[in-house]
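Student: Turn these sequences into a full structure, and let the hints guide you.
Chains as they are written, first to last, in this note's numbering: chain S, 1 to 380; chain A, 1 to 380; chain H, 1 to 380; chain F, 1 to 380.
For the record, the hints were derived by calculation from the structure and aren't laboratory data. Fair warning: there could be bad hints in the mix.
Put simply, identical chains are the same to the list, so a pair is met inside one copy or across any two.
Here are the simulated DMTMM-like cross-link-like pairs (lysine to aspartate or glutamate), alpha carbons at most 20 Å apart as the crow flies [said to hold, decoys possible]:
{"id": "1", "residue 1": "Lys321", "residue 2": "Glu154"}
{"id": "2", "residue 1": "Lys376", "residue 2": "Glu168"}
{"id": "3", "residue 1": "Lys45", "residue 2": "Glu262"}
{"id": "4", "residue 1": "Lys377", "residue 2": "Asp329"}
{"id": "5", "residue 1": "Lys377", "residue 2": "Glu262"}
{"id": "6", "residue 1": "Lys45", "residue 2": "Glu253"}
{"id": "7", "residue 1": "Lys234", "residue 2": "Asp265"}
{"id": "8", "residue 1": "Lys337", "residue 2": "Asp265"}
{"id": "9", "residue 1": "Lys377", "residue 2": "Glu320"}
{"id": "10", "residue 1": "Lys63", "residue 2": "Glu44"}
{"id": "11", "residue 1": "Lys376", "residue 2": "Glu320"}
{"id": "12", "residue 1": "Lys376", "residue 2": "Glu257"}
{"id": "13", "residue 1": "Lys63", "residue 2": "Glu92"}
{"id": "14", "residue 1": "Lys45", "residue 2": "Glu257"}
{"id": "15", "residue 1": "Lys377", "residue 2": "Glu218"}
{"id": "16", "residue 1": "Lys4", "residue 2": "Glu365"}
{"id": "17", "residue 1": "Lys45", "residue 2": "Glu263"}
{"id": "18", "residue 1": "Lys27", "residue 2": "Glu54"}
{"id": "19", "residue 1": "Lys376", "residue 2": "Asp329"}
{"id": "20", "residue 1": "Lys362", "residue 2": "Glu168"}
{"id": "21", "residue 1": "Lys377", "residue 2": "Glu154"}
There are 4 protein chains.
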Amino acid sequence: MIRKICVVITARASYCRIKTVLTEIRKHPGLELQLVVAASALLEKYGCILDSIEKDGFCITAKVSNVLDVASYTAAAKTTGLGIIELASLFENIRPDVVVTIGDRFETMSAAIAASYMNITLAHIQGGEVTGNIDEKVRHAVTKLADIHFVAAEKAKMRVIQLGEVPECVFNTGFPSIDLALSVMNTSNNCDSDICKNTNPNPTTKYLVVMQHSVTTELQCAAKQIQETLNAIKTLNLPTYWFYPNADPGSSEITNEIRKFEEKDHNHLIRFVRNFEPHYFLKLIKSSSCLIGNSSTGIREASFLGVPVVNIGSRQAGREKGSNVMNTDFDCIEIVKAVNNQLLHGPYPSETIYGNGDAGRKIAELLAIMPFSTDKKIAY
Amino acid sequence: MIRKICVVITARASYCRIKTVLTEIRKHPGLELQLVVAASALLEKYGCILDSIEKDGFCITAKVSNVLDVASYTAAAKTTGLGIIELASLFENIRPDVVVTIGDRFETMSAAIAASYMNITLAHIQGGEVTGNIDEKVRHAVTKLADIHFVAAEKAKMRVIQLGEVPECVFNTGFPSIDLALSVMNTSNNCDSDICKNTNPNPTTKYLVVMQHSVTTELQCAAKQIQETLNAIKTLNLPTYWFYPNADPGSSEITNEIRKFEEKDHNHLIRFVRNFEPHYFLKLIKSSSCLIGNSSTGIREASFLGVPVVNIGSRQAGREKGSNVMNTDFDCIEIVKAVNNQLLHGPYPSETIYGNGDAGRKIAELLAIMPFSTDKKIAY
Amino acid sequence: MIRKICVVITARASYCRIKTVLTEIRKHPGLELQLVVAASALLEKYGCILDSIEKDGFCITAKVSNVLDVASYTAAAKTTGLGIIELASLFENIRPDVVVTIGDRFETMSAAIAASYMNITLAHIQGGEVTGNIDEKVRHAVTKLADIHFVAAEKAKMRVIQLGEVPECVFNTGFPSIDLALSVMNTSNNCDSDICKNTNPNPTTKYLVVMQHSVTTELQCAAKQIQETLNAIKTLNLPTYWFYPNADPGSSEITNEIRKFEEKDHNHLIRFVRNFEPHYFLKLIKSSSCLIGNSSTGIREASFLGVPVVNIGSRQAGREKGSNVMNTDFDCIEIVKAVNNQLLHGPYPSETIYGNGDAGRKIAELLAIMPFSTDKKIAY
Amino acid sequence: MIRKICVVITARASYCRIKTVLTEIRKHPGLELQLVVAASALLEKYGCILDSIEKDGFCITAKVSNVLDVASYTAAAKTTGLGIIELASLFENIRPDVVVTIGDRFETMSAAIAASYMNITLAHIQGGEVTGNIDEKVRHAVTKLADIHFVAAEKAKMRVIQLGEVPECVFNTGFPSIDLALSVMNTSNNCDSDICKNTNPNPTTKYLVVMQHSVTTELQCAAKQIQETLNAIKTLNLPTYWFYPNADPGSSEITNEIRKFEEKDHNHLIRFVRNFEPHYFLKLIKSSSCLIGNSSTGIREASFLGVPVVNIGSRQAGREKGSNVMNTDFDCIEIVKAVNNQLLHGPYPSETIYGNGDAGRKIAELLAIMPFSTDKKIAY
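Tutor: Next up, the structure:
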């Protein structure tokens, strides 16, 4: 019997992190893909991914719009509550055999609760990592609701098992985004013209990439934190691609500071961008001289791609990091110093902490053959 | 500064399990009680507790009605989603310093998500235990969202720590319901006339109590399971107080079987009841000859009260049990045999696995003096 | 191009009132039926109609469970709000060309708002009538949201036009339930054995039918009102089919009184029932000696079937009534007197105030050929 | 007994339209004000009014955030559904004697349904007018749910009565925003320095004001429509205050075009603004040489203030207009021509179609003395 695999994408970044899994599910004769796009993944201002999905030829089973306006704490809770209601109705209708939820953003909880409460087997991708932020709570709570765990690193596997999950249900498949990174590694080193068509700075020269999100447990400092980075980038005076932040509480504070900055510094080399297709996104990262901010991309994809990273603040504290990462505080001078050091150093050797490029295939195969169950007990 | 402690009661049984904590919070000069009654705790058919609360003199800060009709899987998910939305609005309004959520029923997740997503310190009572059912997932997921843990047994404390919580935030205070049980222990051994006023069987004679809930991971067997117990009780032919089930998926299947049974066996000794005030409830348990079913009351309060228990099926599998508990399958003959053995044995000595009667005071004091934080990382 | 007609059924009684329309839409080559079953139509305790629908061979496009437990005012509002959310997602998915909503119960507003706010043409069945109750507000508000009106009587048509609707969009098609009544008229006069199989009283003898719902603007009297009717029926001492009330605020008060009555008067001739298939329901009405209560069935179907009716209280005040209807207050003695008069009188001649039996066909044809628009202005 | 009057403000513009009513309720010894701010009234991007409210010294009883991100049709429906749920809980808690809802934007329906379904007397301000758009449906549907009507013009009163409302419950009090306009009329003719502090163009010179919202029934033309106006304003080459659009479906299309325009035409005389305090807003309108767009401000306040208006497209079709209004299509050349004509003409005499400045006092007095009822029938 063909198994119905329902993958719920709730954020821009998740598409990149699941794309090779979707491809492998689609190819597998024993699996049927049910693709649900929900929450901030549908919002243009956070980088709508519908075009990329369509271009890649995936059929969307349903769209679920559930994001409340204003990226506040209260809105995050309400968005999640509304997501549970909508996904419950949807799951009742399309009756998946397993629901796959990705990562640790607050919206992933909607899929996790709807599926587990409805006695549907829940698979979680990217459990067992350690960070700061509400993400840390969400990630481990989802692990405790999930029946199957596809983790991306050995330490992550150990932690999921420590959390009382039976080892037979925990698989270190690597991180699916590394699959894409591998294919990017195998193309020419120069950033090709595809990117250039859509962007400003000349990509044959050095350029920086900034990805800085809010830290939900430090919201009162959001404006100050982004100012430090903005000033650092201004000081560095290099062509820069700057990604708008995720739909977290605090994102509007960040966006406001960016706007103010833009109004004052109109002719700067900074290009503010929202979203790239997964492939071009990774090419952009690969060819950059330094990735700056607090995105997990700097920790995971960048370590595989050997891109120098300046990781700022507490958001990624606890995650395993490669030798390509330098940590700093939210301090303009420190950031400038660290970036200059990374520019001097140049590219790092590729590391496989987060996988070696076949996560998608492994996950699809496990979904096809694993026994499914919703009954589990804490193991110890 | 006075700390605002918001206690969210979402189910009938939770009032019993938190009452002494409420009393101690109310008495404490450094604490202000915000009492929220929500979900099935408001529904008459599951035993509305508003009268008891009023009689005990507590002010209700807000009522939140969020239960969907039909006790199905989908309804459980939607009820939880709606609860998050409503509690988020409420918390924004009343701005508690800490939210206290109790136990492991699916509705507790509403308070846990609303509070943690809104960066409010979350305290959880009764984490770390092991059972079957969706409760097992809910309980540990709430632990991972919570910042402070008031557990009821040493093994529970060990498990919460195993789950990566820092030991400084995990307190074995005992189970607050044991506080009430202690006061019941100190009254006369005979069931007094207060109960008799409201009930049928003559309480000076032997009687049984049945509390059987659905097992959400075994819904397809719900009707069959309750039939076995109904037949066993019919065979035993003793006066019996039978509590209607909780608002879980599967409860309507149970209620339907009870109705059918009532229509056929009209003059039987069984008295179907919904709710008792905490004090009378425990007196009723204390004076019963045997408690039958799969309620955690049989595991916790009954072990302290020394009441013989026949625990049926998988729902309480994994919970520490006292010597008063005999386990059986859902099988009429087995159940009858086990009850008869317990009737022969009579009362057991009191055990303090789940506390010695001062949980309420301990919890209130810790809430008054503990440093509050919402920032945590998995410890290992 | 085939038009997609989405019919939303939100209550038990609505299936009866739309069945011939569904049949005609299904038969029409230019129409595709999208059948949505929602709200109390899904709840067993209010008479779940899923079995009837399945037996009649209709495919259900989606089920939407959105009823909050406890039939209170607040629950009515929340149920409607939740219904809007769920139907909006559904409509976005199935993209109907027109949404059909039926009648004047509060849940119909969910479909009306979701459709009109989403710029989908809205057709309303049964506008323009006059009653008491919240129904009166709901009915006319839905008229103002709707683009097409299929009314059931000439006066209703006049009233919809008075409300500012352009006459070209208002059609007196008659009431679809009369189509079913016509087919029942054409069968033998005796209630056939199909009903007997499922029911208690001997249907060859005289029997009464009672259908009494709560009056939402008079909730404080709900218990008293039902007691009067219960006492009247007890006094009349005839076999009686008594239908449980609709899912309105106040229904639980009625149900409680019925339960108390049942406990006291166990061996009475009253048979409390929940739901009948449309055909058997109309046969039951047709063969009854008198229909008692405040249901619109007494006003509409019964006038066509010539069944004597005793209409109690204000709920149907304002609706056009045939000569078969006697009005009384909620007063036991008055009710008994009126029923005895009706028993003496016996059947009335059939009247066609609410149609002559081809409403389904007319409505389907109009849905196939009418120009659809969502842009209207009040006409005067 | 003091009557609790709950006023629900759901949009930026509504504060201006209710402010003098709030002032009069607060002053009235027989009334207690419960002020609820909800929906887009809370969103900064649509002009958050919290600061104005605070500055005017009103206490906010509760804030209800219920707006879904993305201003789409589906989001409008879901926002309304969520609003009903939240307001139902709130009304249950604060138990108002009457709920006041304002105008005809889609969010007003939330308050109307929650109140009417909960059997709370509903008063509606601004019924009986005629426009295009979904507003037209919403306005009249709210009238049919409301018990008391405070309209702003004689023709509006006639229309509400035509809709079947009893004349005793329909009051032409005038439009409360005219009360503010009157006080602005009585101040000096020149735009004073308060405005200048916050804005760019020199207010002593001629300037234009643009307020253009989307037409929800013509969404496919939204981008084209705003482009015509943008080009017209560019051609006119005068200092211009341009207000961002309301939170309607289609507002993001408008905002996008504005952004594109800003990127291309950076040094233009146009100043894009979000919100002004009611007093300064009216001063700005009063001193402007011409008000351009499709806002009802051009029809109502501007006719009292004698400000020349160019009203574009169908949105205000049907509303009574003063001699100050010239209508055009969405056509750059036509708009330019009409504005130039208005500039030549200069100010118009004040007209009192929408009231003479004492609406707030009249409404508060009626709320204090009117008999309240929720039971009504269509009158004809």
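Student: Now, for every hint given, state plainly whether the structure supports it.
Tutor: We went through each hint and held it up to the structure:
Taking the shortest alpha-carbon separations for Lys321 and Glu154, only the intra-copy value of 13 Å comes in at or below 20 Å, while the best inter-copy value is 36 Å. In this assembly of identical chains, Lys376 and Glu168 lie within 20 Å of each other by CA distance solely inside one copy; the values are 12 Å within and 28 Å between copies. For the homomeric pair Lys45 and Glu262, the shortest alpha-carbon distances inside one copy (17 Å) and between copies (18 Å) are both at most 20 Å. Taking identical chains as interchangeable, the C-alpha atoms of Lys377 and Asp329 lie at most 20 Å apart only when they sit on different chains, with a minimum of 19 Å there against 41 Å within one chain.
For the identical chains of this complex, Lys377 and Glu262 are neighbours neither inside a copy (53 Å) nor across copies (36 Å), given an alpha-carbon limit of 20 Å. When the C-alpha separation of Lys45 and Glu253 is checked against a cutoff of 20 Å, the pair qualifies both within a copy, at 14 Å, and between copies, at 13 Å. Taking CA atoms no more than 20 Å apart as the test, Lys234 paired with Asp265 passes inside one copy only; the shortest distance there is 9 Å, against 25 Å between copies. Taking the closest pair of Cα atoms, Lys337 and Asp265 never come within 20 Å of each other, the shortest separation being 22 Å inside a single copy and 38 Å across copies.
In this homomeric assembly, Lys377 and Glu320 come within 20 Å of each other (Cα to Cα) only across copies, at 14 Å, whereas the closest approach inside a single copy is 28 Å. Proximity of Lys63 and Glu44 under a CA criterion of 20 Å is satisfied intra-copy only: 14 Å inside one chain copy versus 27 Å between copies. Taking the shortest Cα distances, Lys376 and Glu320 sit within 20 Å of each other only across copies (17 Å), while inside one copy they are farther apart (28 Å). In the homo-oligomer, the alpha carbons of Lys376 and Glu257 never lie at most 20 Å apart, since the shortest distance is 47 Å inside one protomer and 28 Å across protomers.
Proximity of Lys63 and Glu92 under a CA criterion of 20 Å is satisfied in both settings, with 15 Å inside one chain copy and 9 Å between copies. Proximity of Lys45 to Glu257 under the C-alpha cut-off of 20 Å is found in both arrangements, the shortest distances being 16 Å within a copy and 15 Å between copies. For the homomeric pair Lys377 and Glu218, the shortest alpha-carbon distance between copies (15 Å) is at most 20 Å, but the shortest distance inside one copy (35 Å) is not. In the homo-oligomer, the alpha carbons of Lys4 and Glu365 lie at most 20 Å apart inside one protomer (13 Å), although the nearest pairing across protomers, at 40 Å, exceeds that limit.
When the C-alpha separation of Lys45 and Glu263 is checked against a cutoff of 20 Å, the pair qualifies both within a copy, at 19 Å, and between copies, at 17 Å. In this assembly of identical chains, the alpha carbons of Lys27 and Glu54 lie at most 20 Å apart only when taken from the same copy (17 Å versus 36 Å across copies). In this assembly of identical chains, the alpha carbons of Lys376 and Asp329 lie at most 20 Å apart only when taken from different copies (19 Å versus 41 Å within one copy). Taking identical chains as interchangeable, the C-alpha atoms of Lys362 and Glu168 lie at most 20 Å apart only when both belong to the same chain, with a minimum of 15 Å there against 40 Å between chains.
Within a single copy, Lys377 and Glu154 get their C-alpha atoms only as close as 23 Å, which misses the 20 Å cut-off; across copies the closest is 18 Å, which meets it.
Consistency note: the structure conflicts with the earlier hints numbered 5, 8, 12.
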